[in-house]
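Undergrad: Chain by chain, the residues:
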Amino acid sequence: MACLIIAESAIFTIFVVAYLFYLGKSTTGPKPSEVLETPIFYTICLLSSSLTIHLAAKCLARGIGFAFLGFWLLTIALGGLFLYGTAMEWHRLIYEHGLTISTNLFGTTYYSLVGLHAFHVTAGLIMLAIVAVFGLAGRVGIKQSGRIEVLSMYWHFVDAVWVVVFTVVYVLGR
Amino acid sequence: MSSNVITASVGQTEARPWVDELHQWLTTVDHKRLGILYILSALLFLMIGGVEALIIRIQLMHSHNNFVSPEVFNRMFTMHGTTMIFFVAMPVLFGFANYLVPLMIGARDMAFPRLNAFSFWLSFLGGLLLYFSFLGGSGLYGAGNAPDVGWWSYAPLGARAFSPGHSSDYWTLALLVSGFGSIGTAINIIATILCLRCPGMKINRMPLLVWMNLVMAGMVLLAITPLSAAQIMLLIDRYLGGHFFDTQAGGSAVLWMHFFWIFGHPEVYVLIIPCFAFMSEIIPVFSRKPIFGYPVMVAATVCIGFVSMSVWAHHMFTIGMNSYANSFFTLTTMAVGVPTGIKIFNWIGTMWGGRIQLKTPMLFSIGFLFQFLIAGLTGIMMAASPFDWQLSLSYFVVAHFHYVIVGGILFALFAAFYYWYPKMTGRMLSERLGKWHFWLFLIGFHLTFDVMHIPGILGMPRRIYTYEPGRGWDTLNFIISIGAFIQALAILVFVANLVISYFKGARAGNDPWDAWTLEWSISSPPPAYNFATVPAVASRRPLWDLKHPEDPDSRYE
Amino acid sequence: MGSTLTNPFGTALALFRSKLGGNSRAVFWCLNHDKKLVERCPPSQKRLKSNGKRQMLARRTKSTLRGGWRIALLWSASASALWALKPDSASGRGTNIFSPASTPAKSISDLSAFVLVITGIIFLVVFALLFYSVVRFRARASDGGREPAQVYGSMQIELAWTIIPILIVVVLFLATARVIHAIQDAPEPPGALDVIVIGHQYWWEFRYPKLGIVTANELHIPVSDLDHSTPTFLRLLSADTDHSFWVPELAGKTDLIPNHPNRMWMDPQREGVFLGQCAQYCGTQHAKMLLRVSVDRAEDFSAWVRAQQKPAVEDPSAIAGRRVFEQNACMNCHAVGGTPADGRFGPDLTHLMSRATIAAGAAENTHDNLRLWIQNPSAIKPGSLMPAMKLSDADLDAVVSYMETLR
Numbered sequence: 046m047a048c049l050i051i052a053e054s055a056i057f058t059i060f061v062v063a064y065l066f067y068l069g070k071s072t073t074g075p076k077p078s079e080v081l082e083t084p085i086f087y088t089i090c091l092l093s094s095s096l097t098i099h100l101a102a103k104c105l106a107r108g109i110g111f112a113f114l115g116f117w118l119l120t121i122a123l124g125g126l127f128l129y130g131t132a133m134e135w136h137r138l139i140y141e142h143g144l145t146i147s148t149n150l151f152g153t154t155y156y157s158l159v160g161l162h163a164f165h166v167t168a169g170l171i172m173l174a175i176v177a178v179f180g181l182a183g184r185v186g187i188k189q190s191g192r193i194e195v196l197s198m199y200w201h202f203v204d205a206v207w208v209v210v211f212t213v214v215y216v217l218g219r
Numbered sequence: 142m143s144s145n146v147i148t149a150s151v152g153q154t155e156a157r158p159w160v161d162e163l164h165q166w167l168t169t170v171d172h173k174r175l176g177i178l179y180i181l182s183a184l185l186f187l188m189i190g191g192v193e194a195l196i197i198r199i200q201l202m203h204s205h206n207n208f209v210s211p212e213v214f215n216r217m218f219t220m221h222g223t224t225m226i227f228f229v230a231m232p233v234l235f236g237f238a239n240y241l242v243p244l245m246i247g248a249r250d251m252a253f254p255r256l257n258a259f260s261f262w263l264s265f266l267g268g269l270l271l272y273f274s275f276l277g278g279s280g281l282y283g284a285g286n287a288p289d290v291g292w293w294s295y296a297p298l299g300a301r302a303f304s305p306g307h308s309s310d311y312w313t314l315a316l317l318v319s320g321f322g323s324i325g326t327a328i329n330i331i332a333t334i335l336c337l338r339c340p341g342m343k344i345n346r347m348p349l350l351v352w353m354n355l356v357m358a359g360m361v362l363l364a365i366t367p368l369s370a371a372q373i374m375l376l377i378d379r380y381l382g383g384h385f386f387d388t389q390a391g392g393s394a395v396l397w398m399h400f401f402w403i404f405g406h407p408e409v410y411v412l413i414i415p416c417f418a419f420m421s422e423i424i425p426v427f428s429r430k431p432i433f434g435y436p437v438m439v440a441a442t443v444c445i446g447f448v449s450m451s452v453w454a455h456h457m458f459t460i461g462m463n464s465y466a467n468s469f470f471t472l473t474t475m476a477v478g479v480p481t482g483i484k485i486f487n488w489i490g491t492m493w494g495g496r497i498q499l500k501t502p503m504l505f506s507i508g509f510l511f512q513f514l515i516a517g518l519t520g521i522m523m524a525a526s527p528f529d530w531q532l533s534l535s536y537f538v539v540a541h542f543h544y545v546i547v548g549g550i551l552f553a554l555f556a557a558f559y560y561w562y563p564k565m566t567g568r569m570l571s572e573r574l575g576k577w578h579f580w581l582f583l584i585g586f587h588l589t590f591d592v593m594h595i596p597g598i599l600g601m602p603r604r605i606y607t608y609e610p611g612r613g614w615d616t617l618n619f620i621i622s623i624g625a626f627i628q629a630l631a632i633l634v635f636v637a638n639l640v641i642s643y644f645k646g647a648r649a650g651n652d653p654w655d656a657w658t659l660e661w662s663i664s665s666p667p668p669a670y671n672f673a674t675v676p677a678v679a680s681r682r683p684l685w686d687l688k689h690p691e692d693p694d695s696r697y698e
Numbered sequence: 002m003g004s005t006l007t008n009p010f011g012t013a014l015a016l017f018r019s020k021l022g023g024n025s026r027a028v029f030w031c032l033n034h035d036k037k038l039v040e041r042c043p044p045s046q047k048r049l050k051s052n053g054k055r056q057m058l059a060r061r062t063k064s065t066l067r068g069g070w071r072i073a074l075l076w077s078a079s080a081s082a083l084w085a086l087k088p089d090s091a092s093g094r095g096t097n098i099f100s101p102a103s104t105p106a107k108s109i110s111d112l113s114a115f116v117l118v119i120t121g122i123i124f125l126v127v128f129a130l131l132f133y134s135v136v137r138f139r140a141r142a143s144d145g146g147r148e149p150a151q152v153y154g155s156m157q158i159e160l161a162w163t164i165i166p167i168l169i170v171v172v173l174f175l176a177t178a179r180v181i182h183a184i185q186d187a188p189e190p191p192g193a194l195d196v197i198v199i200g201h202q203y204w205w206e207f208r209y210p211k212l213g214i215v216t217a218n219e220l221h222i223p224v225s226d227l228d229h230s231t232p233t234f235l236r237l238l239s240a241d242t243d244h245s246f247w248v249p250e251l252a253g254k255t256d257l258i259p260n261h262p263n264r265m266w267m268d269p270q271r272e273g274v275f276l277g278q279c280a281q282y283c284g285t286q287h288a289k290m291l292l293r294v295s296v297d298r299a300e301d302f303s304a305w306v307r308a309q310q311k312p313a314v315e316d317p318s319a320i321a322g323r324r325v326f327e328q329n330a331c332m333n334c335h336a337v338g339g340t341p342a343d344g345r346f347g348p349d350l351t352h353l354m355s356r357a358t359i360a361a362g363a364a365e366n367t368h369d370n371l372r373l374w375i376q377n378p379s380a381i382k383p384g385s386l387m388p389a390m391k392l393s394d395a396d397l398d399a400v401v402s403y404m405e406t407l408r
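Taken in sequence, the protein lines are chains R, V and X. Under this note's numbering, the first residue of the first sequence carries the number 46, and numbering increases by one thereafter. Under this note's numbering, the first residue of the second sequence carries the number 142, and numbering increases by one thereafter. Under this note's numbering, the first residue of the third sequence carries the number 2, and numbering increases by one thereafter.
Treat the hints loosely; a few may be bogus.
To be verified - Simulated DEER-style distance windows between Cβ atoms:
#1 V/301 x X/379: 22 to 30 Å
#2 V/199 x X/379: 18 to 26 Å
#3 V/166 x R/89: 50 to 58 Å
#4 V/450 x X/188: 33 to 41 Å
#5 R/209 x V/344: 27 to 35 Å
#6 R/216 x V/450: 27 to 35 Å
#7 V/303 x X/197: 17 to 25 Å
#8 R/122 x V/336: 30 to 38 Å
#9 R/172 x V/158: 35 to 43 Å
#10 R/179 x V/675: 30 to 38 Å
#11 V/450 x R/89: 33 to 41 Å
#12 V/689 x R/172: 51 to 59 Å
Stated by the list, open to error - Some chain V residues near chain X, calculated using beta-carbon distances under 8 Å:
#13 476
#14 527
#15 535
#16 598
Simulated from the structure, these hints should not be mistaken for lab results. Glycine residues also receive a C-beta, built at the ideal position from the N, C-alpha and C atoms.
Put together the whole structure using the sequences plus the hints.
TA: The following block contains the structure:
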C-alpha cells in the first residue's frame, strides 16, 4: 500500500503541476477568483473523517466491535457528505457559470484535478462500504485489523491529497 | 543449507489433455509461469517489432525509395518504438524479474500472486490494444490504421486536430493499461523483496540481481506514473474537450514534453538496470570470481536511480530552454555517467584475475560491456548540449539509443536467456547455434549501428521516410539495411535454438554453470513451490559456501 | 570484505597517470599487485602459479589473433569515421556538422572535437582493460578446473575510478557551459537582420519584419565577416505542430513550438547555398520539409531585398491564369502581393519564380514540376496539405503560365 501511495502521489503531483503551470494562462474566462468558493464545511467533513477512521481502526484493534462499526459508518457518512459537496459545487459551476471541462484551461485543469481526487474518494468509499457490509454481517473482527489499518492508510492519503488540492486550488489559485 | 537440495522430479508425469494444460497456463498465478508468459509475449512482440524495423530499413535502403508510403512508414516507426519499449523490453525484463527474484531470495512466490497475474494480463492487453489499432484505428468502418505520431507523440501532433480518428486513442490506452500493469508488478517486486527474504538473507546479502530489480521497481513507481497521468490528460483532451495540450487554447506543447521525458528518461534506466543485474550475476559465474566491489555496485545503482530522475530534459536541449537549464541538465547527465562507469570498471575488475569461460552467456556479456561502453561515451557527447543541438533528432541519436537498447539491453538479455534457459526448461541451449547466433548478431549489429552514427553527422534527421539523392547518405543507408537483415537472421537462429533445444537439448541438471545463487540449488525446472524447505543463507553466495565448506564466504563477511 | 592495500595512494596515482597518458600498463601492474595482497587461495593453487605464467606466454600469440576481430572492428569504425569527417560540402550538396560556416556552428564543432578526443581516450583505456582481461584471464585446459583467487574488491581502487571520472565530468561540463553561454546568451547587435521563421506542416514561412518581405522555404541572408559582423537573428514560431530548424553548417537545431517562441542566430562567413531540413517529426511529410539558406554577398542581398519588396508583376498575357487562380480555391491559401489573393495557409507566391524549388524543396522549380504539383501534389509529395485542384488542361496551363510571370 505504501508503494501504491507513492505511485499515486506521483500521479497527483503531475496534475498539481499542470494546474499550477496553467494558472492564469486561460485565453478566455471565467477565472478561478470569479467562480470558486472555498468549501470550508466539506473540507472539515473530510478531514474529520480521517479522525473517525483512525478511531474506528483503534477500536477494532482493541476488539470493541460496535464502536468500530459506529465510527466506520460515521466515516462513510462524512466522506459521502464531502462528495455531495463536490457535486454541488460542480453543479453550480456548470449551470450558473457555464464552466465545463472544455471551456478553458482553468476548467480543464480544475475538473481533472478535483475530479481525480473525487474519484479516489469514491473508490475509498466503495471499499469502506464493502467493509461496512461485512461489519454489519458481523464478519469483521480483530483478525482483520491489519487490513483495516491498510485501508485507513489509504483514506488518510486521500485526505492528505485534499489538503494539497485545497491549498493549490482554493488558496494559491485564487 | 544442504537439506533443501531437491533431486526428485516433482512434475506430474502423466500426460494431461492440452486443453487442461492451456487452462492452467492461462489461469496461473505461479510466478515462474507468469515469468515465462511475460517472456513469451515479449518474444512475440519482438518478432512483430522486428518486422516493422525491417520495413523501415527496406524503405530507407536508397534515396527516393517507394517501398511503402509515407503514412505507412510513419506508422511503422511509431509502432516499432512503442512495441519495442513497452511490449518487448519491459515485459521481458519483468518476466525475468518475476522468475528469478523469488528464487534468488528463497521465497515460494511473489508477495501478491494474483496481482502478479493481473499485471501480466493488463500488460498483454495493452499490447493487444495497440495492435488492434491496425483494425479499429479509424473506427472499424473502413480499413483501420495504426498510430503515426511517433513513440513520444509530441503535442500537439497527438491532439485531435492533428491526429483524427482513433489510432492515437489506442496508443494512449495501450500505454495507460500496460502502465498500470507495470505499476502493479513494481509494487509486487518491492513487497516481495522487502518481506519474503529467507532466513539469513540480510539486505546486504541479497544477490545484486535482486538489489537492482528493487531499484528498478522503485523507479517504475516514480517514472511510469507521470506517463499515466499525462496519458489521462491526453485522453481528457481527446474525449472531453480539455485543453491541456491544445496549443490553440493556450495549452502547452512543452508541458507534454516534460511529462513524457520525466517518464522517458528514467524509463531507459528502468530497462538497463535489470540488464546490469544480469551482468552482475553472469560475469562473476563465468569468471569464477565473486563480483568486484559489491557494496559499491549497490551504491552506484541507487545513485543512478536518483540521478536519473533529474536528467530528463536532456531530451529537450533543442526546445529552447534557457542557458541555465541547459547547463544544469548537461551536468546531471554527465554525472550519471560516473556511477555507470564505476559499474563497468567493477565488471572488468571481476574478470580481472579470473578464469573466464567463453561460453555463450559470457560472449554476450562481453559484447554488452564493449557496446555499452561506446553507448555511454556517445551519451556523454550528447550530454554536452551544444553538441546535442547538432546530434539530437538526427540519425546519430538513433544510433546511440539503439546502441544502448540493442547493443546493451538486448545483448544482456541474450546472455540471460542462455544462462537461465536451463533453469526454466531443464534443457541446455545449443552452444553451437549459440555461437552462430552471437557472431551473426554481433556482425549485423555493428554493421548497422556503427555506420548509423555517420548519416547523423552528415545532417540526416530521424523519422524521414525518404531523402534526396546526392547528400552522401545512400551508401551508408544501404550498409545499415544489410546489417539489419543479418541481425534478423541471427534472431531466427536464436528462435530456432530456443525451439530445438526445448525438445532436443542436453539435460541441464540442477546447476549446469556451477553457480552460486539459490535458484541453482533446486531442480530445473523448479517445482511449483520452489523450495521444499525454506533455505537459510549465511553469505552472498550460499552455494559457494555449500561447495567449498573448507573456505566459505560467510567467514569473510 | 577482506581488502587491504599497502600502498593505496600509489595505486590511485598510477591509475590516474594511466588515465591521462593512456599508459594502461601501470594499471595492470597495480591490479596484479593488488590481487596478490588480497587474494586468498588454497595453498595448492599458489604453487601452480609460476607454472601457469609460462604457459600463458606461449599462448598469448594465439589469443591475440583470436581477439583480432575487435581490432579489425575498431579499425573499420575509425576509418569510416574519418571518411565521414572529411568535409565534402564543397560540392554544395552534402552537409556535415564538422564543416561549420558560422560562429555558432564553429564553436559547437570545436567543443565537439574536444569531447570526441576525451571520450576517445576513455574508450581506448577502458577498451584496453576489457580486451586485456578477456585475453589474459581466459580459462585454459591447464587450469585443471580450479577456482581462481576469490577477490572481493578494493575500496581504494573504487575510489580511484570514482574520482577520476568526476574530474573528467567537471572538465567537460565547464567546457560545455562556456559554449552554451556563448551561443545562447549572445546579445543581438543593432545591425542584425531579423527574420521570423514560422513552421507550417511541411513548409517554412520567412518574414522579414523590418524589410516587409514574406517568402517561403528559401531563406536569404547576408554573409558576415568577423570584423564587420552582420548576423541574422531568427525568431522561431509554429503555426501547427512542432518543427525544428536545422542547417547543420550554420548552427545547431532549435525547435519551432506553438506558444513557445524560440530564438537562434547565425553569422555565416561563407557564401553559398546551405542545405537543411525539418528535424522534429511534424507529420506525414516531415521528410520533405526541406530548407535551403542562401548566403549572399552584401550587394546581392540588397538586390534580392529590393526585388522581393516589389508587388507582383502584372503581366497582361497571364490575365487568364490570374482569373483561374482567383476564382478557384488557390487564393484562400496563397498570397500574391498587390492582388486580392492574401491567404496565409500556404506559401506566399508573389515572387515564386525567384525560388529554385517548389513544395519545400521537394522538386525543382520547372514548368513541368509546377504543372504536376498543381494538378496532383501527391505525385511529388504524398500527404501534403495542398489539395489536387482538378483543373481542366486549359485552366491548368493558364495558371502555370500565370505562376511563371511571378518573378
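Undergrad: With chain X as the partner, please determine if residue 535 of chain V meets the hint condition of a C-beta pair closer than 8 Å.
TA: holds (7 Å)
Undergrad: Is 30 to 38 Å a correct range for the gap between the Cβ atoms of residue 179 of chain R and residue 675 of chain V?
TA: At 33 Å between Cβs, range holds.
Undergrad: Looking only at beta-carbon atoms, does the pair residue 216 of chain R, residue 450 of chain V fall within the given range of 27 to 35 Å?
TA: holds (28 Å)
Undergrad: For the range 22 to 30 Å, tell me whether the beta carbons of residue 301 of chain V and residue 379 of chain X fit it or not.
TA: Holds - the Cβ-Cβ distance for residue 301 of chain V and residue 379 of chain X, about 24 Å, lies within 22 to 30 Å.
Undergrad: Minimum Cβ distance from residue 476 of chain V to chain X below 8 Å?
TA: Holds. Min distance 6 Å.
Undergrad: Taking the CB of residue 303 of chain V and the CB of residue 197 of chain X, does the distance hold inside 17 to 25 Å?
TA: About 22 Å separates the Cβ atoms of residue 303 of chain V and residue 197 of chain X, which means 17 to 25 Å holds.
Undergrad: Between residue 166 of chain V and residue 89 of chain R, does the beta-carbon spacing fit 50 to 58 Å?
TA: holds (53 Å)
Undergrad: Just tell me: holds or violated, for the beta carbon distance of residue 209 of chain R and residue 344 of chain V against 27 to 35 Å?
TA: holds (32 Å)
Undergrad: Does 30 to 38 Å hold as the CB distance between residue 122 of chain R and residue 336 of chain V, or does it fail?
TA: holds (35 Å)
Undergrad: So the hint says 35 to 43 Å: do the beta-carbon atoms of residue 172 of chain R and residue 158 of chain V match that?
TA: holds (40 Å)
Undergrad: Taking 51 to 59 Å as the hint, is the beta-carbon distance of residue 689 of chain V and residue 172 of chain R inside that range?
TA: holds (53 Å)
Undergrad: Hint says 33 to 41 Å; check whether the CB-CB distance for residue 450 of chain V and residue 188 of chain X agrees.
TA: At roughly 35 Å between Cβ atoms, residue 188 of chain X and residue 450 of chain V fall inside 33 to 41 Å, so the hint holds.
Hint compliance for this structure: no hint is broken.
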